[in-house]
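*Asks:* Here are the chains, one letter per residue:
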Amino acid sequence: MSLRFRNSTALLALAAALWGCNREERQTRGKPLGETATAAMPDTVYPGTGNAPAPDPRAAQYEGNASAIAQGQMLYNQMNCVGCHFHGGGGMGVALMDGKWRYGGRIDQIVASIDQGRPNGMPAWRHRLTEQQMWQLAAYVRTLSGQERKDAVSARADEVSNTPPQTQTKREPLMPADSDEQ
Amino acid sequence: MESLQHGPRQRRADRSRIPPPYPQDQGTDLGVKSWGPEQWKIGGGTVWGWLSYDPVLKLVYYGTSNPGPWNAEQRPGDNKWTAGVFARDVSTGQARWYYHSTPHDLFDHDDINETILVDWPGPNGQRIPAMLRPSRNGYFYVQDRRNGRILSADAYSFINAYKGVDLKTGRLIPAPEKEPKEGRVVRNICPGPPGAKDWNPSAFSPVTGLIYIPHLNICMDMGAKNANYIPGTPFVGADVKMYAGPGGNRGVFTAWDPVARRKVFEIKEDLPLWSPALATAGGLVFYGTMDGWFKAIDARSGKLLWQFKTGSGIIGQPISYRAPTGDSTSPCRRASAAGPERSSRPISTNAIRPPRSASSTQ
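Going down the list, the protein sequences come from chains A and B. According to the working numbering, the stretch in the first sequence is residues 1 to 182, in order. According to the working numbering, the stretch in the second sequence is residues 1 to 362, in order.
Watch out, some of these pointers could steer you wrong.
Quick list of the computed label-pair ranges, beta carbon to beta carbon [claimed, not checked]: (1) B/Gly183 / A/Gly117: 29 to 37 angstroms; (2) A/Gly89 / B/Val47: 57 to 65 angstroms; (3) A/Ala60 / B/Ile173: 35 to 43 angstroms; (4) A/Thr130 / B/Glu182: 25 to 33 angstroms; (5) B/Asn226 / A/Gly89: 17 to 25 angstroms; (6) A/Ala60 / B/Gly247: 49 to 57 angstroms.
Mimicking DSS-like on lysine-lysine, the simulated pairs with C-alpha atoms at most 30 angstroms apart in a straight line are [what the hints assert, rightly or not]: (7) A/Lys100 / A/Lys150; (8) B/Lys168 / B/Lys268; (9) A/Lys150 / B/Lys163; (10) B/Lys163 / B/Lys181; (11) A/Lys170 / B/Lys268; (12) B/Lys178 / B/Lys163; (13) B/Lys241 / B/Lys268; (14) A/Lys100 / B/Lys181; (15) B/Lys163 / B/Lys58.
Please keep in mind that the hints were generated in silico from the structure rather than gathered at the bench. Here a beta-carbon is modelled for each residue, glycine too, at the ideal position from N, C-alpha and C.
Assemble the whole structure, with the sequences as input and the hints as a guide.
*Replies:* See below:
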């Protein structure tokens, strides 16, 4: 075996380790939500073509993070999100697996929807969930529309599955919803 | 949220003059004792369906909905007074009797469907005040409405989730192999959560003696999981996949002979039927489909006589009434009108007549 080859294997292993670190990184001490609303959670509901607020830097901690997504997947069932949104297809609550967002599809915008609730029937989860849990949920919600890296999503659905797991399906471009809602 | 159907409030009912017909529905505080501790307080069993009134017996009849959560492992016991039917004294509100159609419901089989009050032909030519109930669990119940006793209970749709109704004990016979467990998915359970028939009422025709049942042919795979009680969110604890039952059609329109206890005809509909039925004295029966067809069929043969495409799926109640004759020259011209959902204009169907010859052939 040539030295050169051995070197590149080592390099690959190192790269994989670093990549994996990022994917697996876990914040064991997420800051709990204070008594009053946190200033860092901007209201993302804005009229007309107003500009979305600047992205929240905390997004990097949760986006594409396997343990956050796995926690979020568990919470999505435990907190009864399923009863309204089903496993993304929607029911009483809007579909979360299409490319259409009423209140923004960035992870921090999804956190804001969960935290503040939304007027047409989405309950507010502030004081029921920690901020960290809301970010975890948002990270999972983004996987429903195939927006997260394949090596970060769970290979196994928690529910009766009707479709192959995300790790075995092609990443497809986001499709707009079939029809405009309301 | 507390449910007033359950709990100690029922104690008075248990001491009523006529005891409930079956032993499992007799006793005190059953609305508390047939649950795990304190569970009756969050156990569902609401009333969201039809009420019928008998002005002679002065009784009001209604059914109660399923227990919560759907995951039945979380609520041991029979779970009274969910998924059953009540008869209550209209002046005092006191329960006269109660019949538990689906004890310890496993599949969201509410019992809120309509109760149709009829005079039933008794053994010695006398008339029994009875009630007809095409139930969510798939059985067609004929019950003596004075005391709740079952006269007959037959499957009017495909059922594998139960093995029948024991007429001696009044108890539904479960099919243990179809019982969902936490962490285990059970496939091919029939009927699915909306039952063999949901809230949309059937119609009884005194002319033909038949009951016309718009209903569903839907089966499911079901997996149970732990549900947390969080006010304002669905308390379910089940994942369900629904699909068409045997035959591949999701809707059925069944004409049922309650005395002969058999199906007279059935019409398969591709889409689930969520429209109520209407039977007229002219020998016509009306119903609508989810793809917007409003249909008139012959009450005896089921033959399609007329249909009209409306602008939306039909889940609203058709009604009929005698319209002012206007410029009509025909003295006995009957006009029916139907109001399909979201259609602002009534549809005049006064030209439809069942063919005289066809109705006598079947």
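*Asks:* All the hints need checking, so say for each whether the structure fits it.
*Replies:* How the hints compare with the structure:
Here the CB-CB span from B/Gly183 to A/Gly117 is close to 32 angstroms, well matched to the stated 29 to 37 angstroms. Between A/Gly89 and B/Val47, the C-beta spacing of about 30 angstroms breaks the proposed range 57 to 65 angstroms. For A/Ala60 and B/Ile173, the hinted distance range of 35 to 43 angstroms is not satisfied, since their beta carbons lie about 58 angstroms from each other. Evaluation of the 25 to 33 angstroms hint for A/Thr130 and B/Glu182 yields a pass: the beta carbon distance comes to about 26 angstroms.
Between B/Asn226 and A/Gly89 the beta carbon distance is about 22 angstroms. The supplied range of 17 to 25 angstroms therefore holds. Look at A/Ala60 against B/Gly247: about 54 angstroms separates their beta carbons, and that is inside 49 to 57 angstroms. Note on A/Lys100 and A/Lys150: the hinted pairing holds, with a Cα-Cα distance of about 21 angstroms set against a maximum of 30 angstroms. For a cut-off of 30 angstroms, the pair hint linking B/Lys168 to B/Lys268 is broken: about 34 angstroms separates their Cα positions.
With a C-alpha separation of about 46 angstroms, the suggested pair A/Lys150 and B/Lys163 falls outside the 30 angstroms cut-off, and the hint is violated. The hinted pair formed by B/Lys163 and B/Lys181 meets the criterion: a straight-line CA distance of about 19 angstroms does not exceed 30 angstroms. With a CA separation close to 38 angstroms, the supplied pair A/Lys170 and B/Lys268 exceeds the 30 angstroms bound. Note on B/Lys178 and B/Lys163: the hinted pairing holds, with a Cα-Cα distance of about 11 angstroms set against a maximum of 30 angstroms.
At most 30 angstroms may separate the alpha-carbon atoms for a hinted pair to count; B/Lys241 and B/Lys268 meet this at roughly 22 angstroms. Distance check on the hinted pair: A/Lys100 and B/Lys181 sit about 36 angstroms apart at the alpha-carbon level, beyond 30 angstroms; violated. Among the hinted pairs, B/Lys163 with B/Lys58 is inconsistent with the structure: their alpha-carbon atoms are about 35 angstroms apart, more than 30 angstroms.
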